[in-house]
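Produce the entire structure from the sequences given, and follow the hints as far as they go.
4 protein chains.
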Amino acid sequence: MSEYKSDIPDITQIGDEGIRYRGTMMDDLIGPFGFARSLGLLITGKRPSETQARMIDALLVSAADHGEKAPSACITISAASARASLGASVAAGLLAVGDVHGGAARQCAAMLLEAGKEKDLRELLRRRLESEKRIPGFGHRIYREKDPRATLLLQLAAELGLAGRCCGLLQEVERLLPELVGKTLVLNIDGAHGAILADLGWEPSMCEALFIVARSAGLCAHALEDFSSRRPLQFISELQGGR
Amino acid sequence: MSEYKSDIPDITQIGDEGIRYRGTMMDDLIGPFGFARSLGLLITGKRPSETQARMIDALLVSAADHGEKAPSACITISAASARASLGASVAAGLLAVGDVHGGAARQCAAMLLEAGKEKDLRELLRRRLESEKRIPGFGHRIYREKDPRATLLLQLAAELGLAGRCCGLLQEVERLLPELVGKTLVLNIDGAHGAILADLGWEPSMCEALFIVARSAGLCAHALEDFSSRRPLQFISELQGGR
Amino acid sequence: MSEYKSDIPDITQIGDEGIRYRGTMMDDLIGPFGFARSLGLLITGKRPSETQARMIDALLVSAADHGEKAPSACITISAASARASLGASVAAGLLAVGDVHGGAARQCAAMLLEAGKEKDLRELLRRRLESEKRIPGFGHRIYREKDPRATLLLQLAAELGLAGRCCGLLQEVERLLPELVGKTLVLNIDGAHGAILADLGWEPSMCEALFIVARSAGLCAHALEDFSSRRPLQFISELQGGR
Amino acid sequence: MSEYKSDIPDITQIGDEGIRYRGTMMDDLIGPFGFARSLGLLITGKRPSETQARMIDALLVSAADHGEKAPSACITISAASARASLGASVAAGLLAVGDVHGGAARQCAAMLLEAGKEKDLRELLRRRLESEKRIPGFGHRIYREKDPRATLLLQLAAELGLAGRCCGLLQEVERLLPELVGKTLVLNIDGAHGAILADLGWEPSMCEALFIVARSAGLCAHALEDFSSRRPLQFISELQGGR
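Residue numbers (the numbering used here), protein chains in the order written: chain A, 1 to 243; chain B, 244 to 486; chain C, 487 to 729; chain D, 730 to 972.
One or more of the hints may lead you astray.
Claimed, not checked - If you anchor each label on the Cβ, the simulated ranges turn out as follows:
1. A:130 / D:963: 15 to 25 Å
2. B:268 / C:615: 52 to 62 Å
3. B:357 / D:889: 45 to 55 Å
4. A:165 / B:357: 50 to 60 Å
5. A:176 / B:271: 30 to 40 Å
6. A:175 / C:494: 42 to 52 Å
As the list claims (entries may be wrong) - Calculated lysine-lysine pairs in the DSS-like style (CA-CA distance at most 25 Å, straight line):
7. C:532 / D:798
8. B:312 / C:555
9. A:119 / A:133
10. C:555 / D:775
11. D:798 / A:69
12. A:69 / B:289
13. D:862 / D:846
14. D:875 / D:862
15. C:619 / C:603
16. B:312 / A:46
17. B:360 / B:376
Unchecked claim - Away from chain B, derived, C-beta distances all over 10 Å, residues of chain A:
18. 130
19. 161
20. 184
21. 232
Quick caveat, the hints were computed from the structure, so don't treat them as lab data. C-beta: ideal position from N, C-alpha, C; glycine also.
The following block contains the structure:
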């Protein structure tokens, strides 16, 4: 029932000799891909291999920002525009994260894990399209031909030997979809995140954590830019000018 | 007046061929310390060197979590306990970030940059102690002898040749303080963050951004743990049991 | 499908001669129970009668606060303790509002409206107890005999002639429950809010709005008290002393 | 130093016989202007007179909403558009409350209380205009001739015999300003709130509490409307269409 088994060490232990994340001394985590390694360790409770840490780092890079039109960025800048503190501005943006923004990787991972247990992928997709009208991990507001981030990440996963069952199923879904929906749908970054993280052994709910950590970087950048380059309420007034 | 000069490229540019952060293609950012490099680039507008990216990554590792008693973690777990979404739980914790939690690196960086322009450091500290009763970057609730994170980070900065004027001033402050306050005060993680980031050329306000991004990792871990291992409201009830 | 019919006026119209809420001039809303009247009008789109406004005002009074142990209050005070702004402190507390805190009135209203369409209330309760183990609007952590707020509100609704089908069903549920669960469960404030608001014609989702508005009063009081009477982080440290 | 004197009863006391706000039984608070009375009692610690409760209720009505272009409403609807919960949507909007949105009543009250101690109001205004370029409580983005809400509230305060020293000073400021700034500035709702609440004995910081409670009504209405009448992300996309 729980993804946290009783044999997983505490998130953080504080001692005079130093700090441990999940039982590992902080000193031992520092080095190439150190933050990605720490994130994987903190979230899943297990230390990622070097190759896995490299992949997690790339996933973080890919989701760090997507411009000020992303819902979370727009809300963060609006709050910064009203001169909320930096923490409160980022917090405002994170309130937009969920099923319709940043949550598709979680949904896609769950779908692929479910698909892995069924015989007939086409039938599973057909039922899902009927009930929910969409397939998580496919389609994009801006990218019509391909999402360059998804391509980059899936290629890296293959090169690192990390693309497993779920990445395979994701590509199978990509192949089946045009016939089922009557048009080509772009395999997007959320699809790549969901499949790759599922292949790394992350639970679906953990995919959203990676998005939150990555995107907080972009949200900070947008808030700081507003503080230093626009007048109070300028952004939000200009935004509303169009309505 | 503004830290964003007009010659700094947009935070994120979206094109069919790929995404650019501050003018650099995402593909080019991936690799060792990729997320740290991207964070530095997004926040400051300038691409960190390899050595700088290594340092930023270590700073991120060091601030990723500090246990569930940290104010932000306690609030995040309380919100998770009431079954707020993951994004809302992390957001709740980030509302605690500011002058009294996570903001001391910013204050310390500002103090060191100011100290760099004055002749008499002892006099500056004396005035500050008189007006504010404390020196940012010094003292810790738990660590009484030394903050192992600060030691680790300042040593790494020295090894990487990144310890400059501000790291030097920080150690000078450490040397002067006992006489001024009548007791030894531990040089803490915030002091190390402030001095090192100031030596990397980060503006003081940017130090808080690094803390927010790093700590969002720990906040996610704490929220996910509560979701999977405790009953709704269990954490908050147990917390209140002590009052 | 939507509770907002196309013939309902805009939430707020701003004109040189004055402001209108849902088409009614602000001047016309001021008077006894003016804020309760405005709230009902803003939320439902329809102007409450004088009697209804009186009832809404009493519901607001009853939910304005429930002490610092309520999850939202505990989080608000923790955020205030870290010296978040007043708005951010209240916001932090509101992030705890949902299914497990403040949401039972919504759930109870939905259940009663569903019950109103079925023949066999006992059977509906049996099924619900089987699937969800609890009946919204019943049971309380503190009150074991009766929730004085529920008694007060249901009596007022009866006196004002506002207790209709849903209040009747609520009392029927109270009568049936002991046999079904094997013990007496207190009819609580959420049950009273859900039934009374449903009888006033409010949609279930609107019940949560009334709770949010009412409780924001208590959250402000708690945050202001912390700002003026405790040191930064004092509350949160004392809270954790018990763990 | 603190506005909470030790002889003020606890915010809320919970007992078997009923709930007390600041020592007063809840039953005793219900009636005309009951919520306004409770709010005044909870925030200030002192029970407002009937006339004062009537005034507080009118202040709540006047600030309950100001359309979807108000910064807090815009952020709340954006969060609702991403399908944040109702509580999280309102929370997002409240993060915009502070010095540049909703905080001018507090600033105006503080200025009037300061002015009450000085001899030369003109000189105080001149200094303030020099350092901050604006006078809190004056000027409005939309209203150019007069803010109808301010007129309404100040007239009511006068009728109820509640307009005291601060209301007088506010009108004195209104008279002096055109000469000092070279144009007429509208006396706005924040000015009226600040002066009236200061005359009721509220501390400046408490003015922001009244705004938060009042405006949470409008924020709930906007969020619920978005949930029921627009598609996910529709509002935020349309908003950005203008940029």
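Notebook entry, point to check: Which of the numbered hints above does this structure break?
Noted result: none
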